[in-house]
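Chemist: Here's the letter readout for the chains.
2 protein chains.
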Amino acid sequence: MLQIPSHITIFVYASDEGKRMKIKLISVGKTDREWLKDGLQLYLSRLKHYVPFEYTEIPDIRNTSSMSRDTVKAREGEQILRLIAPGDHVILLDEHGKEMTSVGLAKRLEDRLVSFSSDIVFIIGGPYGFHEAVYGRSNEMLSLSKMTFSHQMVRVIFAEQLYRAFTIMKGEPYHHE
Amino acid sequence: MLQIPSHITIFVYASDEGKRMKIKLISVGKTDREWLKDGLQLYLSRLKHYVPFEYTEIPDIRNTSSMSRDTVKAREGEQILRLIAPGDHVILLDEHGKEMTSVGLAKRLEDRLVSFSSDIVFIIGGPYGFHEAVYGRSNEMLSLSKMTFSHQMVRVIFAEQLYRAFTIMKGEPYHHE
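Quick mapping for you: the protein sequence lines, in order, are chains D and P.
So the first sequence is numbered by my numbering: it starts at 1 and just counts up by one.
So the second sequence is numbered by my numbering: it starts at 1 and just counts up by one.
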């Protein structure tokens, strides 16, 4: 059982069913704009129909003005690592990661769903990226684009990709090639 | 002077100043969700501080259930082409386009701003993509990602990229490498 500090918000969108794999999405920083909250809510609520799903936002580190970027990333990293269980398969959303198509992501997820029982944790970092300790714990890195997207917007973009991936696995008509 | 049908909404976010280049963004289909409208509005209102900017949404084609995808794309294409002036430099957002970094996009835009007086038109297609007539009129194609994003969400993602590009050109602290 993980020890979750009480100030961290966790929304469990579907309960764990037996040994069924769970997908966790962790973001650094509160979603502070209403339009982003609404967009995120839309896709997270759709996802729960497909997979046990958990979304966590790590609160922004306070009083960062006197800290180096590396200190900010280290503090965020401690919070991130506390949310990861030993057997979790950790995938960082990172500009140095592998780019894949939406169908490629769906296949990748399906392969893990079929072959492994470990939970998959996707992590979206803060504006400065990840601390080396988080890189050290990661199993894979995924890049959404060569472009840099707003780290707040990335959570909505990626939630939509996860939803899209499940519609692709189920052969539903949401995705057009 | 272009003939714009009265049912097409055009928001001019800044008036043309002399011969200064204008950027136009054309999207196929109305933005129908409030959170997407709010997100788009945020970045379009920021963009007007940097460049004369015009955003146009082409209404969805009606009664498409009896039409082939190609017919839908042809109808959308007619509407798109009516909005393009002869000298415009046309860039399609298309999965077959070139991927570039945010800094790469900023440099590309800056080069054109410095060297050319023609307007730049970015076009985001509908869910089935572009008709061949639109491909025929295009000068460049740009891809945001190997992944397929919701075509409604692409307009917000790309508006943020355009805003980001101008902050990069001006050396403002919005973008972190």
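Note that these hints are calculated values from the structure, not bench results.
Treat each hint with caution, since some may be false.
[What the hints assert, rightly or not] Computed list of lysine-lysine pairs in BS3-like fashion (alpha-carbon distance at most 30 Å, straight line):
1) P:Lys170 to D:Lys146
2) D:Lys146 to P:Lys146
3) D:Lys22 to P:Lys170
4) D:Lys146 to P:Lys98
All of these numbers come straight from a predicted model, not from anything done at the bench.
Chemist: A separate judgement is required for each hint: does it hold in the structure or not?
Modeler: Against the structure, the hints come out as follows:
| no. | hint | verdict |
| --- | --- | --- |
| 1 | P:Lys170 to D:Lys146 | holds (21 Å) |
| 2 | D:Lys146 to P:Lys146 | holds (9 Å) |
| 3 | D:Lys22 to P:Lys170 | violated (44 Å) |
| 4 | D:Lys146 to P:Lys98 | holds (10 Å) |
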